[in-house]
Amino acid sequence: MADWEVVIGLEIHAQLATRSKIFSGASTAYGAPPNTQASLVDLAYPGVLPVLNAEVVRMAVKFGLAIGATIAPRSIFARKNYFYPDLPKGYQISQYEHPVVSRGSLTVVLDDGTAKTIGVTRAHLEEDAGKSLHEGLANASGIDLNRAGTPLLEIVSEPDMRSAKEAVAYMKKMHTLVRYLEICDGNMQEGSFRCDANVSVRPRGQEKFGTRAEIKNLNSFRFVEKAIQFEVARQVELIESGGKVVQETRLYDSDKDETRSMRSKEEANDYRYFPDPDLLPVEIDDGFIATVRQTLPELPDEKAARFARDLGLSVYDAGVLSASREMGDYFEGVVAELSATHAKLAANWVMGELSSALNRDSVEITDSRVSPAALKGLLARIVDATISGKIAKDVFEAMWSDGKTADHIIEAQGLTQITDSGAIEGVIDAVIAANPKQLADYRAGKDKLFGFFVGQVMKATGGKANPAQLNDLLKVKLGGTQTGS
Amino acid sequence: MLHNLSIGELAAHLGGRQMSSVEITRHFLARIERLNPALNAIITLTADQALGAAAAADRRLGVGERGPLLGIPLIHKDIFCTDGVRTSCGSRMLDNFIAPYDATVVARLKAAGAVMLGKANMDEFAMGSSNETSYYGPVKNPWDTAKVPGGSSGGSAAAMAARLAPYTTGTDTGGSIRQPAALTGVTGVKPTYGRVSRYGMIAFASSLDQAGVFARTAADAATVLKVMAGFDPLDSTSVDAAVPDYAAQLSAPLKGLKIGLLREFFDGLESRNAALIHEALKIYASLGTSTMEVSLPHLPLSVPTYYVVAPAECSSNLSRFDGVRFGYRCDQPKDLADLYKRSRGEGFGPEVKRRIMTGTYVLSAGYFDAYYLQAQKVRRLITDDFRSAFQQVDLLIGPTTPTPAFDIGAKIDDPVTMYLNDIYTIGANLAGLPGLSLPCGFVDGLPMGLQLIGPHFSEGKLLNAAHQFQQMTDWHNHAPRGYE
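If you're matching them up, the sequences are chains A and B in order. Reading the first sequence from the start, the letters are residues 0 to 484 in numbering that gives the first Met the number 0. Reading the second sequence from the start, the letters are residues 0 to 483 in numbering that gives the first Met the number 0.
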């Protein structure tokens with residue numbers, strides 16, 4: 000393996016989050032009964048004509064600006080001709096020679112912390128096809144054209160990735176970006192965000208690319224990684240045993256974790272692209288671009304950099320907290336009124352307790368049962384030492400389950416931390432008196448017993464003793480006579 | 000007789016309540032019943048709907064509503080989708096196709112109170128110059144039923160010539176309105192590309208197709224075009240520009256009009272045909288126009304250019320006819336490939352197949368540059384030729400066709416000869432220009448057409464020039480024997 004270099008390029012299909020289709024007024028909503036969202040245009044009835052949904056152009060331009068790409072002042076829709084039952088017109092309207100977006104890039108952070116910039120060759124607009132359904136129909140296939148005409152942005156990368164992990168990092172980053180831009184809902188299960196992977200291998204040091212195979216329709220990050228790993232192994236094994244990789248399209252079977260040949264280059268269609276005479280060229284002027292630019296949100300990288308710079312977060316934390324726009328918004332809602340010096344505390348809570356509660360109950364962060372303001376209220380009580388971090392976890396659980404504020408729960412359950420040194424000392428004295436053997440052992444050098452005493456004091460105070468104070472006082476008491484005063 | 004009245008006269012009678020729309024409609028329906036069997040111009044008669052629409056028009060007239068087309072019958076070329084009525088496009092493929100919606104042209108005329116009598120025969124998918132490629136059999140020319148009426152709008156033209164309706168609609172991709180208008184002695188207008196919506200008009204070659212009208216006179220055509228034309232949000236290639244009042248421009252004097260005589264149109268033109276054009280020019284000269292010869296050097300390339308561009312687009316446009324969702328489906332397909340092959344193989348006729356194959360070939364990898372791209376380049380050159388010609392002259396004049404109507408069966412087995420019939424008309428389609436054919440005399444008892452071509456959106460000027468000519472001549476009032 001060490002002798003081989005892997006070369007990967009991805010073609011990501013992001014379904015644009017418009018309400019209606021790219022060339023008709025039919026709804027794009029997912030999950031409707033078959034063919035209830037297919038208009039005469041989607042059904043390709045004789046005489047109908049496509050009319051471009053202006054929203055898709057705005058979204059494509061927004062994407063192009065976000066990846067620093069060139070926006071074509073004039074782009075052209077072409078027809079890609081082939082026969083298939085789920086392609087009612089017998090051609091797909093796509094952009095071929097003149098895509099709306101070209102030459103952009105995206106920087107990803109790899110596992111080892113290094114950054115790598117992946118080139119984006121182009122992104123073009125096209126319509127999705129329908130679906131063929133083969134289950135439950137004896138001796139027949141069903142065709143559902145609800146998806147036909149759904150707008151897609153096909154984002155084509157340069158062959159810049161050198162491992163399955165890099166490919167996944169790129170795809171994840173792209174996924175984050177399109178959701179930031181609010182141009183795609185990113186729902187991979189419903190197929191709103193999926194990719195084809197072009198994979199080849201070459202002897203390390205060789206400049207010429209190896210023959211590539213294209214793995215179609217990968218709709219999860221895990222499948223992308225697994226499919227590429229399988230395909231790389233297959234190609235290397237093939238070449239090392241004297242065989243040759245053939246250019247072909249392959250399908251990934253997630254049940255068997257393998258890729259299988261779909262069709263070879265020889266069987267590939269001649270798509271006979273030509274400009275679609277039913278649609279005018281898309282003309283985009285600087286004024287339009289400027290208008291769209293004003294709608295660009297703070298992008299993930301900018302947000303992460305700001306979190307690191309202004310809030311002193313680690314690169315890792317800043318990355319996690321900016322991984323989705325919703326996560327970033329939540330975090331900022333917590334930090335907003337909390338002093339920036341406590342940003343790390345807020346980060347830990349959002350990435351820790353909050354994230355695990357959300358995961359456990361499968362709740363989206365935007366629907367969190369503990370609002371940013373409520374979490375901020377809880378953290379404020381840690382900061383002002385009303386409660387300890389440990390108690391705060393219990394308070395958080397209570398907040399999560401009954402929706403009350405932190406103050407209400409602290410008050411109602413009497414959880415206020417004991418910060419009166421005299422009171423804590425009193426408890427310590429009682430604990431020491433009750434455990435003479437442990438005291439003797441500790442003083443004889445069994446340092447580990449310190450924890451035992453902490454536990455006993457906490458138990459006696461119902462966990463409410465201020466931990467820092469307890470630590471200090473306990474050290475003194477256990478240390479013996481020399482500090483008795 | 001009623002069927003010899005102009006649209007304006009009919010509208011006046013309706014407006015004055017001397018006649019009802021139902022009466023007029025019955026008259027034309029009776030005429031169609033009697034005369035159409037010999038012509039085969041109409042393939043779907045919608046008598047009941049027509050009488051219903053006529054009665055509705057009469058009610059509108061009864062409450063004081065007036066309109067230039069309100070209550071006046073027409074026949075649509077069967078390429079326009081008509082809601083609830085079979086729309087066959089002259090093909091077995093759509094013999095069973097009941098359109099679920101109205102084409103924009105149909106909807107606009109319907110809203111204006113037009114009464115559809117039926118649907119006109121046509122070359123299959125508008126591919127033909129003789130109306131012999133129709134699944135429903137050839138249309139006969141009323142001037143001589145052994146002759147073709149031209150195509151592809153042959154049914155519309157023959158119906159117009161035989162006075163089976165006050166006006167008919169057509170479409171023109173390479174001459175399909177002007178050529179049959181010339182061969183049947185009626186006035187036919189092909190507007191500027193984008194002037195009339197293509198929505199609901201079954202596509203042949205999208206960048207060339209344009210809907211238009213057949214009428215007896217330019218004045219009638221002006222009235223109809225005004226209603227048909229205009230921007231349609233459902234057709235991205237329709238142009239968002241105001242539609243002028245064509246009728247108001249008809250009487251403008253032609254004094255000072257500069258007419259260009261197209262040199263290329265006279266190469267090899269038979270002298271008797273050429274003489275008719277020169278006679279027409281004398282009439283224009285008497286109206287104060289000047290004439291100069293102009294040359295469009297790339298025009299001779301228009302036929303080969305057209306026969307690359309049009310088939311390329313049609314090969315793609317006709318892919319939707321796959322036997323899956325509508326139209327003809329073969330019996331008992333054994334698998335998907337069989338369904339496609341037999342449905343298309345049995346549903347399409349030979350000329351359609353020839354063009355699909357030609358079009359598929361010119362778009363194929365390895366041939367695209369040599370054919371399709373090259374044709375697009377030549378198309379631009381032809382367009383530029385026209386543009387520079389229109390810097391010197393206001394409109395161009397020439398014959399519409401090289402010969403009068405030819406015998407049924409004479410050219411159908413020789414596609415290239417057949418294609419050359421459109422040699423004078425194709426240029427305007429490639430350049431997107433408006434064109435008009437009007438009757439200018441007879442050769443061997445058969446009508447010949449004078450063609451006017453103008454700059455983009457000059458329909459008003461073309462109709463004006465045609466109307467002025469028709470004020471000085473009566474060729475347009477000649478009716479074929481038996482159809483007076």
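Simulated from the structure, these hints should not be mistaken for lab results. Some hints here could point you the wrong way.
Claimed, not checked - What follows is a list of derived Cβ distance ranges for each label pair:
#1 18/A <-> 239/B: 39 to 49 Å
#2 210/A <-> 239/B: 26 to 36 Å
#3 33/B <-> 30/A: 57 to 67 Å
#4 232/A <-> 337/B: 35 to 45 Å
#5 262/A <-> 244/B: 37 to 47 Å
As the list claims (entries may be wrong) - To spell it out: a stretch of chain B is covered by chain A in this simulated footprint if at least three of its residues, at any positions, have a beta carbon under 8 Å from a beta carbon of chain A; those stretches are:
#6 58-64
#7 89-102
#8 190-199
#9 320-332
#10 400-408
All C-beta atoms in this analysis are idealised placements derived from N, C-alpha and C, irrespective of residue type, glycine included.
Hints, verified against the model:
In this structure, residue 18/A and residue 239/B break the distance hint of 39 to 49 Å, their C-beta atoms being roughly 25 Å apart. Evaluation of the 26 to 36 Å hint for residue 210/A and residue 239/B yields a failure: the beta carbon distance comes to about 50 Å. Range check, residue 33/B to residue 30/A: about 58 Å between beta-carbon atoms, so the 57 to 67 Å window is met. A hinted range of 35 to 45 Å holds for the C-beta pair residue 232/A and residue 337/B, which are about 40 Å apart.
About 59 Å separates the C-beta atoms of residue 262/A and residue 244/B, a value inconsistent with the hinted range of 37 to 47 Å. Given as covered by chain A, the segment 58-64 of chain B fails the check, having 0 residues with a CB less than 8 Å from a CB of that chain where 3 are the minimum. Coverage of a stretch by a chain is defined here by at least three residues with a beta carbon nearer than 8 Å to that chain's beta carbons; for the segment 89-102 of chain B and chain A the count is 6, and the condition holds. Coverage of a stretch by a chain is defined here by at least three residues with a beta carbon nearer than 8 Å to that chain's beta carbons; for the segment 190-199 of chain B and chain A the count is 3, and the condition holds.
With 6 residues bearing a CB less than 8 Å from a CB of chain A, the segment 320-332 of chain B meets the requirement of three and the coverage assertion stands. With 0 residues bearing a CB less than 8 Å from a CB of chain A, the segment 400-408 of chain B misses the requirement of three and the coverage assertion fails.
Consistency with the previously given hints fails for numbers 1, 2, 5, 6 and 10, ordered from lowest to highest.
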